[in-house]
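Peer 1: What follows is the residue order along each chain.
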Amino acid sequence: MEYDVVIGLETHVQLKTKTKAFCSCSTEFGQVPNTSICPVCLGLPGSLPVLNKLALEFAVKTALALNCRIQRYFRFDRKNYFYPDLPKNYQISQYDLPVALQGFLEIEPQEGVRKCIEIKRIHLEEDAGKLIHTEGYSLIDFNRAGIPLLEIVSEPQINSPEEAYEYLLSLKEILRYLEVSDCDMEKGSLRCDANISLKKRDHFQLGAKIELKNMNSFKAVKDALAYEIERQSKLLDKGRILTQETRLWDAKEVRTVSMRTKESAPDYRYFPEPDLLPFVLEDSYIEKIKESLPELPYYKKHRFIETYGLSFNEARFIVSEKKLADYFELCVNLFPFPKIIYNWIVGPLMGELNERKISIEDINILPQDFVCLIKDVESDKINSLKAKEVLKKILDTAKSYAEVIKEESVIMISDSNILKGVVQKVLDENPKSVSDYKSGKTNALMFLVGQVMKKTQNNADPKIVQKLLKELLDGSV
Amino acid sequence: MELNKLTAHQLLGLLKEGVIKSSDVILALKERIDVIDSQINAYVRKNEKIELSYVQNGPLQGLPVAVKDNICTLDLNTECCSKILEGFKPPYDATVISKLKSQGAYIFPLKTNMDEFAFGSSCENSCFGPAHNPWNLEYVCGGSSGGSAAAVAADEAIFALGTDTGGSIRQPASFCGVVGLKPTYGRVSRYGLIAFASSLDVIGPITKDVYDSALILSIISGYDPYDSTCVNLSVPDFTQNLSKDIKGIKIALPKEYFIEGLDKDVEQNIKEAIEVLKKLGASFTEVSLPHTKYAVATYYIIATAEASSNLARFDGVQYGLRINSFEGDSSLLQMYKTTRAKGFGEEAKRRIILGTFALAHGYYEAYYLRAQKVRTLIKKDFEEVFKEFDCILTPTSPTAAFKIGEKIREPLKMYLSDIFTISANLAGIPAISVPCGFTKKGLPVGLQFLAGYFREDMLLQVAYNYEQNTIWHKMKPKI
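Chains R and E, in that order, give the protein sequences. The first sequence begins at 1 in the working numbering and counts up by one. The second sequence begins at 1001 in the working numbering and counts up by one.
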């Protein structure tokens, strides 16, 4: 039997505010347990919440970027449930009047394949603490309690695990462009639950909604959904009727297990949070935030394709991080050869950055210097081998291009008269390679070029070297 | 001179002249407490150490203030007279406490008795046993701020802080023959007040006369960045215009408050009070507050709903009582259940269950949402009246104090004791109770004034004029 897949995603994003949602404790990750706490985030009796203005601004920013309708009048509600990591045994969240409703996110997994996924709602809430389970007892770290979270709920318009993956990638890109969240699933700054139902093709009736939790990476979301599709299909094929339930993804065992059924679903007894008054947003406030929005990745990608002639995949890669796209564009403005710059960025530059495990944000070569380097290579002032050496040196020392060039006494030796002597010496020292070359093993030529480069500290112009070598070798036949 | 019998403003005069030191006042109170509090039980945890040599140079000059057990005091137990908060020492001061301290007040380390979590109208729901009415020990002192009212009435305190969610300052003040002021919601910060019903709770003074109420209100009022519901409004010196006469002031008498069930003695006293005010130049007109009859029902839905959520945090995890296991079951759920079963008193449990029910899925619209709508109607009733009138006069409670044990088994009867005070909380308007006489049994009767939002000045002016032309506030119980 063929089934249509219907998926909705609920994403929780930790906002990158310096302080928590309702108090002034630090939100910094990785602090000593229970050191970033106060009466408010501990929910001590008598304490009261006061909304962090930046958290609200981030929420509105995100909502605007996701094309949502901002609610001019919104409020907070209490979601009541007992759990030891929830200090007040209720979470300050939003229920029927969230910050924003009805938006959409465009995904474009491949060139020409576009899809618009609607956003149902976006609301602000506070994070819970973290339980640390030990043999025989459990400990609670409240550092995380009260960190602002944004819950972004999609409409059930995602139709495959791959689309879900794309949705998350696009969402992450946007949130990182807005600098409202790191979206680091490993650090827990992005969490995702999925709802999935299957529907017999050509039938109206949607199958039971299964909620999936405990996915710790984008890949886990994809895998869990793929697993569920298979599991549910098999059951439906056998004529079984599924019932609404919540299941947990077990990444180790690669399967989902039932956590609770609909009957045992909790009643959260939402009601308006009386400790916070309803909020009214002025148009001017929203306009101001709107003006501060950066160009978003989807539009940037298409602009790069059109303006710079990048391919879809090249543009997709270069816009994946705002800092990377900015760097690219700064370079292109200095040296209008986008393809060359693209190749230098994704090739040598990204390679060196990855090796050093530093991100584009922390890069210490100025676009001006990077462009000088590329220009010098292009105009044969320096060979590319030497250029890569120089690049390494700059990244390691944070010195300017000019300084490094000077220190390394970089010069392009393209004078045949000077090089001839070195070439002859190399030939004399490597009779084996010479005979290899002569017996038709052309690889030997490259080895000999390398030897000459080595003797000239990579300063020789490899093209001239190759020419000279060929002349001498071929001439002595 | 028995310093403990004086008012705050009288003592401040003496302190200023250098005739006495604040330690003299504290000592006088300590001696008074040692002699009579075993009978009255206005204070709890009586073993807390009292500092005699407290030196402070603010305007309050080291004057001691008695604080209700639900207002957080730094490093000083704050237990809401509940077993579940046993041993809880807040790591911070409530904003009102900080304000009083900064003005030179001495925070009296013995906290005042109350109904557990302010759930009650008689102070009988305290885990430390009831506080008794100083005018007759067999009678209740009212609640929930019963300890604060009894302490002030019995001269065991100069003045006290109480909290008012549905009448918890005014009703005990009226039962004990002292002055109790419930400020406008948002006038005084709630930060540090252990919440009963967040949208109704207010902190206010319980004092021996109206002047003291004005004095204390001026200190505890004002904007607090830690309370989002606190209004950013300048605070006048409420003592300034007290003695301005009340000629031409228009007072409304809501007919819904003068009904059957109103005690005859209470009614008589109120009538006499009206005569006094008439002589002072006030005019009276009967008005209607048509939604009054729904106030008690509305209140008990909203208050219990909020309470059920506010009290969820008392679960044995972080602070207070924890009972780890029951009959060998040491699961988390069992810890929650046992702790809460043993920690909460009967009335607390009743209200948690009631409130949980009112918010439950499928009932929310019928109860909570509907109650909020009625609340708006009640608010509008008042707004209408205050378009034309300066204030409203009513009895504070339909009866004077009742006997200890008389209503404790009948929650509904007990709830009706707040019938005249609840509406002010639902509407958020300020109200004051001042003594206006005695029943034939010799129990005090209270007179309530209500005014529009942030019109405490009006309340205090009318109440002061009344008080200065009567003797009731000068009467002392014979204990």
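Simulated from the structure, these hints should not be mistaken for lab results. Even for Gly, the Cβ is constructed at its ideal location relative to N, Cα and C. Just so you know, not all the hints are guaranteed correct.
As the list claims (entries may be wrong) - Below are the DSSO-like pairs computed for lysine-lysine, each with C-alpha atoms no more than 27 Å apart in a straight line:
hint, chain 1, residue 1, chain 2, residue 2
1, E, LYS1089, R, LYS130
2, E, LYS1005, E, LYS1016
3, E, LYS1083, E, LYS1021
4, R, LYS16, R, LYS262
5, R, LYS262, E, LYS1016
6, E, LYS1046, E, LYS1342
7, R, LYS262, R, LYS115
8, R, LYS300, R, LYS375
9, E, LYS1337, R, LYS130
What the hints assert, rightly or not - Computed Cβ-Cβ distance ranges for the label pairs, DEER-style:
hint, chain 1, residue 1, chain 2, residue 2, range
10, R, LEU277, E, LEU1027, 53 to 59 Å
11, R, SER138, E, GLU1384, 54 to 60 Å
12, R, LEU235, E, LEU1333, 29 to 35 Å
13, R, ILE358, E, LEU1233, 15 to 21 Å
Peer 1: Output the indices of the hints that this structure fails to meet, ascending.
Peer 2: 3, 4, 5, 7, 10 and 13
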